[in-house]
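Student: Chain by chain, the residues run as shown.
Number of protein chains: 2
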Amino acid sequence: MSVFFNVLPPAEARALMLEHIRPQREAETIPTAEALDRVTASSLAAPHPLPTFRRSSMDGYAVRAADTYGAGGSLPAFLRVVGEVEMGRLAAVALESGDAALIHTGGELPETADAVVQVENTLPIGDEEIEVVKAVAVGENVIQIGEDVTTGEEILPDGHWLRPQDLGALLAMGIVQVPVARKPRVALVSTGDEVVPPDQEVGPGQVRDINSYTTAAQTRQAGAEPLIYGIIPDEFGALEAAATRAMEEADLLVFSAGSSVSVRDATSRVIAGLGEPGILFHGVAVRPGKPTVGAIVNGKAAFGLPGNPVSAMNLFDLLVVPTIHRLLGCDSPPRRPVVRARVARNVAATPGREDRVAAKLIERDGELWAEPIFGKSNLIYTLVRADGTFVIPLDSAGLMAGEWVKVRLA
Amino acid sequence: MSVFFNVLPPAEARALMLEHIRPQREAETIPTAEALDRVTASSLAAPHPLPTFRRSSMDGYAVRAADTYGAGGSLPAFLRVVGEVEMGRLAAVALESGDAALIHTGGELPETADAVVQVENTLPIGDEEIEVVKAVAVGENVIQIGEDVTTGEEILPDGHWLRPQDLGALLAMGIVQVPVARKPRVALVSTGDEVVPPDQEVGPGQVRDINSYTTAAQTRQAGAEPLIYGIIPDEFGALEAAATRAMEEADLLVFSAGSSVSVRDATSRVIAGLGEPGILFHGVAVRPGKPTVGAIVNGKAAFGLPGNPVSAMNLFDLLVVPTIHRLLGCDSPPRRPVVRARVARNVAATPGREDRVAAKLIERDGELWAEPIFGKSNLIYTLVRADGTFVIPLDSAGLMAGEWVKVRLA
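Each protein sequence line maps, in turn, to chains A and B.
For the first sequence, position 222 (counting from the first letter as 1) is numbered 222 according to my numbering, and the numbering increases by one without interruption.
For the second sequence, position 330 (counting from the first letter as 1) is numbered 330 according to my numbering, and the numbering increases by one without interruption.
One thing to keep in mind: the hints can contain errors.
Since the list gives no way to pick one copy over another, a pair counts as held whenever it fits inside one copy or between any two copies.
[Stated by the list, open to error] When the alpha-carbon atoms are kept at most 30 angstroms apart in a straight line, the in silico BS3-like pairs for lysine-lysine are as follows: (1) LYS290 with LYS134; (2) LYS406 with LYS290; (3) LYS134 with LYS360; (4) LYS290 with LYS360; (5) LYS406 with LYS360; (6) LYS406 with LYS134.
Since the hints were made in silico from the structure, they are not lab data.
Take the sequences, apply the hints, and build the full model.
Tutor: As structure tokens, this is what we get:
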């Protein structure tokens, strides 16, 4: 089978690529407070229980529950107030039978107390006595030591994408440094004789390089670090030199290959020659983005994406982002927002090819509609005018106006 | 009406706050390539059309369409190949009637050509002649100047949250610097005598400060810059000094007020005394998070959030994040991902109060179920173990197992 005709359905292309990718297992230790959107490089266990002491969950009085048994509105229990628990201090009040101590939410329960009566269920009698009008059970309104987390319990698993609450969970345990996966380095190489840098005026027949920057932003969103190599001339030797450098410096190589056939062929030949096992697929049954090459070279992934900016972003999302997450060792990265909407018009499709249709969301009669954005040239403005993208599956001949789709926002 | 009993439903609290907040309208100009997740500070118009030249959308031959009229498989048109359009160069080939020029996808159409015949619809006859087996119309396979964007057309509106494709759209126009809204500065103040910094060992009755860090991460996600003031002692003078400093340095003040009544009262009094009009609401009908104070002080927002970490994150999300977005001038910030799931068990609720229930998502029999995570103490591990949160509306007495809810992922 010639690799040059090995066109795979998108799910198969992705699965085949991921079969070859192992998590990097390289960690770096950083301050927990700065670890938002990083991925844990090991499982983390609780060094101590939480709470570390018996805490009151109410404002009220710490008591011995037995002293309140039978108490009610018509027959209150009378307790002597012998002190107040200060916040953040050892609860130095000793309760004898018949005693109570004023306590605040979060305060430590005195050693001989076993419950808290809510302030709402008490009446003061002078300064030193209260009526309790509702009995409490042992443990009522008390958070026990280790009730949230016990010592040695796993706080966070390995490969966990860190959210705001996860940082809080680590800091609550005094874990102020956290081992996280090193960000994979993604080499981004643009080619094509018509492509010039964005800060340059365009001459006849020229276009500015945008794929380096859209895919750099996608790289960052995926949790990796972009290395922008700039625009490499459409010559086998120059492309090969860039690819060789990328294989040394980076964990992953992404070519975006200009729009002409010659440069696409040159990047394919360069990728094919980099090492073993080489090209896994040469074409993905998806529109836009079909002429995409995926390869494994000495254990590293290399991609040749089409030069068309919508195709490049589409295939980056489909193939490169999951590869980055696998390198990070993260099985459950943040999901993209998805909304259900009805297709605003008929959309034809070709069975055997997955179509990704950019769409604008419009609210009409209280329902959400997805208005497909068609652009002959498939230039970047299709995606700029869109709120997201919906998929017409591989086996479908199209969608009728009014059918429901899931629009993935981006 | 005493402000101390002014408890508002969450939607009303938010709307009342936003009524008082105007976008900051302070811009800074930064490199477009680094502007991901920033917000445009002005509308941006196209300085030139896109494409800037007539581009071929296919590999094939540039022709005069009239020369192909009537051509078909049985009666091909014969055209002379007079040259090749080089990528990125002026199309220097002059086509007379009966001529064709080899052209690649993205190449510039020669001046006297008006269509492109796909290479698949041609047959070569030696080096200098082709058969065209399918006629083309004027403009076929050609992207006209300005077909994507015309000069002066709005590329991006004011207040637009910049996505990867938006950076590409600006760079395609040579807009390498972009005016963005300055990030609002959010002063984060923790209080409570029981609270110690995360790097400190906890003594009896003490807990580590985590609200400063969870809300700092939420601040960053919302597009703003956190200023962590640390832990301020529970004394009116110290709290007032911190608040006064925040009103000078920051655009927004957030207290998280420890768990005792006294510190909540002290922060409320400090906020009430900062300036006019003062406190807008003193309590939000939501659980967890009811004892929340919102104020406007000399045009700036100030919040007193509960010390409980789940409550603090919940109310930050509900009130502070929309305030940040309003300051940024952004009406359509990125949405959070939401999934539909069925509640795994009955959940009781109190009408008149909106409940926000942390839940874990579980796949069972091909359906997604939301398993509520109840924790008496409402400590941070409730949110760590959760995949997201669903809402029981204000007027509901609860949900029955099996009912559908929308789980907002976080």
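Student: Hints first: check each against the structure and report whether it holds.
Tutor: Here is what the structure says about each hint:
no.: 1; hint: LYS290 with LYS134; in the structure: between (72 angstroms within a copy, 24 angstroms between copies)
no.: 2; hint: LYS406 with LYS290; in the structure: within (22 angstroms within a copy, 35 angstroms between copies)
no.: 3; hint: LYS134 with LYS360; in the structure: neither (59 angstroms within a copy, 35 angstroms between copies)
no.: 4; hint: LYS290 with LYS360; in the structure: within (23 angstroms within a copy, 38 angstroms between copies)
no.: 5; hint: LYS406 with LYS360; in the structure: both (12 angstroms within a copy, 22 angstroms between copies)
no.: 6; hint: LYS406 with LYS134; in the structure: neither (54 angstroms within a copy, 39 angstroms between copies)
Comparing the model with each numbered hint stated earlier shows that hints 3 and 6 do not hold.
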